[in-house]
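Novice: What follows is each chain in one-letter form.
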Amino acid sequence: MKKKRHLILLFAVIAALGWGMFVLSRSNDKIDENEMVMYSAISSKPDSLDPATESSVTSEIIVKHIYDTLYDYDYLKRPYVVVPVLAESMPDVSADGLTCIIKIKKGLFFSDDGCFKDGKGRELTVNDVIYSWKRIANIKNLSPSWWVFDERIVGLDEFREYTKTCALASDIDYSREVEGLKAIDDYALQVRLKKAWPHMVYNLTKGATTAVAKEAVDYYGKTIVNHPIGTGPYILKQWNKESYIELERNPKYNYGYYPTEGEDGDFEKGLLADAGKKIPFIDRVYFVKIEEEPPSWFLFLKGKLDSSYIPKDNFDQAISDGKKLTPEMKKRGIELKMYRLPDTSWIGFNMDDPIVGNNKPLRQAISHILDKKRFIDLFANGTLDEAFGLIPPIMQSYNEELSKTPSYNVAKAKELMEQAKKIYGGDIPELTLKMPGTSVSERQYGQFFQKEFDKIGLKLNIDYLDAPMYFAELNKGQFQMYFGGVSSSAPIAYNILRMFHSKSIQSGNHFYYRNEEFDRTFDKASIMVDCPERTELYRKCEKILLDDCVAVFIFHSVSYTLSHSWVENDKPSALQYGLARFIKIDSAKRRSYQAQY
Amino acid sequence: MFSYIIRRLLYTVPIVFGVMLITFLLFNIVRGDITDQIAGKEASAETRAEIKKEYGLDKPLFFNTEHKVFSKQFWDSQFFNHLLAAATFDFGYSYNDREAIWDKIKRGAGPSLALTAPMLVGEVSISIILALVVAYFRGRWIDNLTVLICIVGMSLPFLSFILFGQYFLAFKWGLFPVYFWPDLSVWQYTLLPTFIGIAAGLGSNLRFYRAVMLDELGNDYVRTAFAKGLSPAKVLFKHVLKNAMIPIITQVVLAIPFLFLGSLLLERFFGIPGLGYLMIDAIGARDFKVINAMVYISAILFVVFNLITDICYAIVDPRISFK
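Sequence order for the protein chains is A and B.
Numbered according to this note's numbering, the first sequence terminates at residue 597, and the numbering increases by one at each position without gaps.
Numbered according to this note's numbering, the second sequence terminates at residue 1323, and the numbering increases by one at each position without gaps.
Same shape as in the complex, but just chain A:
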């Protein structure tokens, strides 16, 4: 009897432990049905909500709902156009392109927070912008966005050097003058540049370049990563790092309006019905972290999530005939939206490698044996754009001419292999390709590449690496070929061509590519304003890369997203992140769908 009591006692302890945790774990308040609420999925948690230290796409999405930037992309216009947000107007640039004045709107306030006097958010001034840019320059902050300002603003690089001499972050004097950053008054910022920076406004759309209040950084210290205090349309209500983020309408946000112009067809689609109205419309936004595809898809079909991407395994359930919704999706009132992304994926060659770097026919042969179309059909249900060059179709400098000469040509590859063998002095030994991951997808890609290389008798060894090992080997130049890519934050070729400049070796140029002509052409284009000549120069850069066969460019991404009928004003963007402010939700329609399904 005594032993049985012990067993019962043991079970009671475990049950009490569990029950205690039930009670201790926060029970969520019911969501107010009168509020307009939006639910979105995020596939990973943000790495930081401090603009200076954030680097992931998820972080950028959240940051851009809480902080506004000086400039951002127009919500409706395509091709993408930059418009002022915190700024009053576009920058006033001097004739030599070396000085510009940025004026900000008056009467913009930080959201209320305990970091401010009496808990009331104060007005934003250009001094906040200067302070925030200095924070990015401060090496102690390890900002991944330093590249935006690197060698751009007079005196800012020197400020960075100064921060290196400080033993502690707290020793850094932010009042130290930076020659090129001057507050003319509270609302006008003068920026002096080392050389012309024509695409500056594109860089100033990045969340990292927004204005952060010094009071907030001083008050929260290291935990500023969890306490974003901005002037944007939303404030952070809750951040449960492992499960969800809740944003609430910022009552102090008073300067946002729905755009009054769009691209052709927007009016007919009802996207201008709210033209000129104050934003945001939505009171509360939830970003729920969902890493696995099945629950994400089920939640979307149940009407819990307002929009969704299409998981590979559910593609046929959603899409038929390539680009049309299936009858089942139509019956549910679901809409399909497709848009191109500014990215390119490739197999890159290490130009310092004695085998592939010194053997152009070998690289060319490899570029002719990859059946990109088959790759896209196999791994993405045919939903990607085949890459004929580096610059993706979303960019103005995209060269359509390149698509007229498809690269897949096994016979030519075999001819080139003969030349390659002569250069090498015999049969080419086994080559190695570094893959950025160890998942099933990467292994399938690897097997595909092995089969393709085998067409011309090339043996390919695949090295599947986790992220740190992959980057470490790329940075050290310990590889022959790697599978990788780039995604640009702006619709300009500058951002991706930059990676091939000899100055970018070890900070993006993992091809270890050095070509004086490329550098010269790129440098010339990089200080030019948008004009046909610049476009031609960017295309010339791309041509040089293709002639040297630095990489085999494989595909550019196209995003397929689905949204429910109750999501209004929904226009996806490849470059803009703080989109919830423009969207409206018909809650009654959502409830009716949820009751039906």
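All the pointers check out, no bait thrown in.
Take a look, some chain B residues computed to stay more than 10 Å from chain A by CB distance:
1. R1008
2. N1064
3. T1065
4. S1077
5. I1126
6. M1154
7. L1175
8. R1223
9. A1225
10. A1227
11. K1228
12. S1298
13. L1301
14. D1310
Only pairs whose alpha carbons sit at most 20 Å apart, straight line, appear in this in silico EDC-like list of lysine to aspartate or glutamate:
15. A:K237 with B:D1103
16. A:K164 with B:D1058
17. B:K1242 with B:E1216
Since the hints were made in silico from the structure, they are not lab data.
It should be emphasised that the depicted structure is a prediction, and the values quoted were computed from it without experimental measurement.
Glycine residues also receive a C-beta, built at the ideal position from the N, C-alpha and C atoms.
Chain A is already provided as a structure; the job is to place chain B on it using the hints.
Specialist: Frame of chain A, contents of chain B only:
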């Protein structure tokens, strides 16, 4: 008994040290350093150097041989700093998101226990009751059928239980929530994963307890009890169960440390923000500091609960004594 407990607690020191050493070797020597991951692919060499400095990755792995052996600087290395941090339970901040690791653990322990504790209670209770019944009917159709179902259950991957449960019970039939949702309380979104966890674990548990009960049923005291005219229920639940305590206690008490670690797959598929999720996130991101903290806590819990098991043996069985 007191000296036994002290002696056993002292054993934990080399065990935990060994675990820490192996973890450190696996993540720092075999898999390289984490600087490039923190820095991102476009970071300059100077940023990478600053990161190394900030996180102490510029220090030697084990010993700073530039200094004398008995000097403080000699021990100023990555491994000994980790060891010191663990010993004082000051795990510091995550590499990945710079959040205090203790905050992460405290936040994750609740949801993990809310899932795993009812799972353990359910699994063990159902398994023991069914095991007693099928052991009593040994060789009959009910026993054979149960064994068959157990083998089938054990053969199925855990993931198939999850996918089946999530698709049919939650998505198709709407009996449970599909996933965590902000307006649900913990018990609502852990209910289905708890049932799935119980169902998936039942096969192996039931087979284990059936074997234990069969062992007991073959003993003379059982035959005597039946001969005395006691009802099967009384024999099984009073006498057999009492004498089968040792393996039951071993199984149950040793499972308790794992309750804190949560259930990796269930947490991931149902969005339960527990410690299993935290651990896999940390492994994926190679966040050594979080992994180090979790491994350290697990090692301590495991050793302590091993000790508790031994103490329980003596309590339930007077023939066992401490030496």
